[in-house]
Amino acid sequence: MGERTQESGVRSQKSEEKTNALPSKATRDAYGETLLELGKKRNDIVVLDADLSGSTKTVKFAKAFPERFFNLGVSEQDMVGTAAGLAITGKVPFASTFAIFETGRAWDQIRLVVCYSNTNVKLVATHGGITVGEDGASHQALEDIALMRALPNMTVIVPADAIETASVINVIANFTGPVYVRLGRAKVPQIMPVDYKFEIGRAHVFSQGKDVNIIAAGIMVDTALKASAMLKNEGIDAGVINMSTIKPLDEKAVLNAAKNSRLIITAEEHSIIGGLGGAVCEFLSENYPIPVKRIGIKDTFGCSGSPDELLKLYELTPEAIAETAREGLRK
Amino acid sequence: MTQKTAGKIRDIKTLEGIAKEIRKYILRMLTEAGSGHTGGSLSAADVAVAIYFSKMNFNPDNPKLKERDRFILSKGHAAPLLYSVLAKAGYFDIETLLTLRKIDSSLQGHPCCETVPGVEISTGSLGQGLSVANGIALGLRLDKNPARVFCITGDGEIQEGQIWEAAMTAAHYKLDNICAVVDNNGLQIDGPVEEVMRIAPVHDKWTAFGWNVIEIDGHNMKEILAALDKAEAVKGKPTVIIAHTVKGKGVSFFEGKVEYHGLAPSREELEKALKEIG
Ligand SMILES: Cc1ncc(C[n+]2csc(CCOP(=O)(O)OP(=O)(O)O)c2C)c(N)n1
Ligand SMILES: [Mg+2]
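Protein chains in written order, with the working numbering: chain F, 1 to 331; chain Z, 1 to 278.
In case anyone wonders, no lab produced these hints; they're calculated from the structure.
Glycine is no exception: its CB is placed at the ideal position from the N, C-alpha and C atoms.
Warning: the hint list may mix true and false statements.
To be verified - No farther apart than 27 Å at their CA atoms in a straight line, the calculated lysine-lysine pairs in the DSSO-like style are these: (1) F:Lys63 <-> Z:Lys174; (2) Z:Lys144 <-> F:Lys40; (3) F:Lys41 <-> Z:Lys144; (4) F:Lys40 <-> Z:Lys235.
To be verified - Simulated restraints on C-beta separations: (5) Z:Asp104 <-> F:Glu323: 38 to 44 Å; (6) F:Pro289 <-> Z:Lys66: 48 to 54 Å; (7) F:Pro152 <-> Z:Lys235: 48 to 54 Å; (8) Z:Asn145 <-> F:Leu313: 39 to 45 Å; (9) Z:Lys174 <-> F:Pro289: 34 to 40 Å; (10) F:Pro289 <-> Z:Asp93: 47 to 53 Å; (11) Z:Ile189 <-> F:Glu309: 57 to 63 Å; (12) Z:Glu255 <-> F:Thr176: 30 to 36 Å; (13) F:Ser55 <-> Z:Asp104: 43 to 49 Å; (14) F:Gly201 <-> Z:Lys235: 35 to 41 Å; (15) Z:Ile189 <-> F:Glu37: 22 to 28 Å; (16) Z:Lys174 <-> F:Ser24: 29 to 35 Å; (17) Z:Lys66 <-> F:Lys259: 49 to 55 Å.
As the list claims (entries may be wrong) - Listed below are several chain Z residues computed to face chain F (Cβ distance under 7 Å; list not exhaustive): (18) Ser125; (19) Ser131; (20) Val132; (21) Gly135; (22) Asp204; (23) Thr207; (24) Ala208; (25) Phe209.
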């Protein structure tokens with residue numbers, strides 16, 4: 001817990017950046033590479049895609065293992081059903097497409113033949129969130145976590161960076177049961193310790209804050225770290241927790257964070273309804289009610305623009321988190 | 001009491017006898033449950049009996065046997081049919097059938113693979129079974145496993161777009177280890193398929209999608225067996241059997257009656273029906 005920050009003393013943004021020598025990298029790229037490596041080691045791994053293999057990066061696996069790769073064409077519902085069938089024969093299917101099509105178009109299929117049937121299907125979606133960018137609202141999944149989190153038997157994971165993604169993919173390949181992993185399109189800073197090992201349901205605590213704790217997932221973990229550094233310069237102690245498993249939620253970590261501070265902020269690249277913010281609020285309101293502020297997309301659709309422009313427009317920035325913290329602590 | 005049916009049966013009279021028995025189980029369990037789907041369970045009974053008892057390899061003592069042939073009831077509302085066949089095949093006691101739809105029963109209103117041995121996948125939301133069948137067929141082929149996959153859909157069910165996605169997939173991947181059956185009883189919930197949403201020409205559609213198509217009288221055991229044999233012999237493409245059936249088949253006062261899609265027989269109807277089947 002908090003290896004990096006404890007060593008570097010956590011006091012400034014600079015110390016955060018010093019440990020971060022690796023270049024930015026998209027989580028989908030880490031997925032493609034890890035899948036390829038898995039494919040070399042295990043021939044029970046099969047991969048399905050719905051005409052987006054170049055974008056989801058499953059193309060790497062497809063090229064190396066054409067006999068274990070199944071392109072279903074533009075038919076997400078059929079892809080999910082086919083994945084369930086492959087799982088019944090003992091294969092470990094990874095089915096990928098864009099997050100909105102995977103979870104939205106095929107939700108009833110995921111519900112019936114993956115979750116209710118408890119088949120060993122790994123749904124790894126790319127292009128989650130607003131940073132999909134220029135393609136606009138039709139392609140920006142802002143509700144996928146809510147959709148997947150509501151399903152019994154489902155595990156929901158949102159890795160923060162490429163390092164965590166690689167670990168997540170290896171872990172879920174050895175885990176039996178339905179899993180949804182949400183990845184992104186854009187390059188993002190690599191912020192996790194290089195020797196980090198992901199565990200399902202275990203949050204990574206960068207630091208515990210005495211004033212406020214920011215519970216974040218996905219690209220917002222980096223944003224939260226930056227906000228924390230800003231706040232520390234002002235004398236506000238803001239902890240950062242990477243809650244990469246949204247379901248099952250690391251309740252212990254949430255409870256600790258709440259007990260040690262006066263305010264919880266959740267931060268995610270998703271609607272404030274039903275995602276990480278929803279999960280944290282549901283847990284805290286029943287178990288340890290303290291003030292919570294949710295950073296996320298405020299019940300609206302996205303629009304076209306560059307990822308950076310969109311993050312500003314929808315207030316998913318370090319400044320927005322810092323301001324929310326100041327405001328929340330003033331009250 | 002667990003009833004075992006050993007080996008594959010090719011004798012028409014014996015199979016017809018089993019179909020009668022299955023129809024009686026279906027009616028009894030539906031009446032006991034007080035709700036459920038009568039028409040579509042009865043219409044597909046002969047085909048299901050032929051598939052299970054003349055064709056399929058399976059071992060009720062080892063439901064997960066690697067070499068087993070697989071059966072997917074895509075039209076999950078015909079659960080009473082599937083349960084009756086599984087009980088007859090020895091997967092569980094015949095008496096269990098009478099717990100259908102009851103609070104503590106493994107026999108859910110629609111098939112649940114987590115609670116019933118022999119059920120490969122949960123169904124009930126229409127249009128999904130053929131995709132799962134394709135996935136199984138692909139997995140079997142990767143393993144060089146010669147087992148085959150059977151999948152029964154309704155005729156109203158094939159209005160679902162996913163069926164045609166799956167139809168493309170099976171043909172694209174040349175899944176000749178799949179045999180689909182369309183229980184073409186001409187009726188769905190709101191009326192005749194022809195009036196609700198025309199699916200004709202069914203034969204041509206499947207042909208256009210790259211399937212080997214066989215049309216039969218779905219209540220003629222001889223024709224069913226012949227079709228299943230032919231399906232197995234055709235290589236390089238999947239086969240669909242369009243089984244022309246009568247909804248509610250076997251009970252004169254249920255036959256062709258759209259309202260008995262989702263109505264269970266009353267006690268009086270049950271007595272009359274059992275007598276009629278003999
Ligand atoms: C996706 C979905 N939509 C609606 C239903 C409700 N439903 C149950 S049976 C049925 C009609 C099915 O007609 P058909 O496939 O012809 O069945 P059969 O005549 O064999 O009973 C409908 C609409 C459902 N189970 N699933
Ligand atoms: Mg019908």
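Structure-based check of each hint:
no., hint, verdict
1, F:Lys63 <-> Z:Lys174, "holds, 21 Å"
2, Z:Lys144 <-> F:Lys40, "holds, 20 Å"
3, F:Lys41 <-> Z:Lys144, "holds, 20 Å"
4, F:Lys40 <-> Z:Lys235, "violated, 31 Å"
5, Z:Asp104 <-> F:Glu323: 38 to 44 Å, "violated, 55 Å"
6, F:Pro289 <-> Z:Lys66: 48 to 54 Å, "holds, 53 Å"
7, F:Pro152 <-> Z:Lys235: 48 to 54 Å, "violated, 42 Å"
8, Z:Asn145 <-> F:Leu313: 39 to 45 Å, "violated, 54 Å"
9, Z:Lys174 <-> F:Pro289: 34 to 40 Å, "violated, 60 Å"
10, F:Pro289 <-> Z:Asp93: 47 to 53 Å, "holds, 51 Å"
11, Z:Ile189 <-> F:Glu309: 57 to 63 Å, "violated, 50 Å"
12, Z:Glu255 <-> F:Thr176: 30 to 36 Å, "violated, 46 Å"
13, F:Ser55 <-> Z:Asp104: 43 to 49 Å, "holds, 48 Å"
14, F:Gly201 <-> Z:Lys235: 35 to 41 Å, "violated, 48 Å"
15, Z:Ile189 <-> F:Glu37: 22 to 28 Å, "violated, 50 Å"
16, Z:Lys174 <-> F:Ser24: 29 to 35 Å, "violated, 43 Å"
17, Z:Lys66 <-> F:Lys259: 49 to 55 Å, "holds, 51 Å"
18, Ser125, "holds, 5 Å"
19, Ser131, "holds, 3 Å"
20, Val132, "holds, 4 Å"
21, Gly135, "holds, 2 Å"
22, Asp204, "violated, 21 Å"
23, Thr207, "violated, 20 Å"
24, Ala208, "violated, 16 Å"
25, Phe209, "violated, 13 Å"
Hint violations for this structure: numbers 4, 5, 7, 8, 9, 11, 12, 14, 15, 16, 22, 23, 24 and 25, all remaining hints satisfied.
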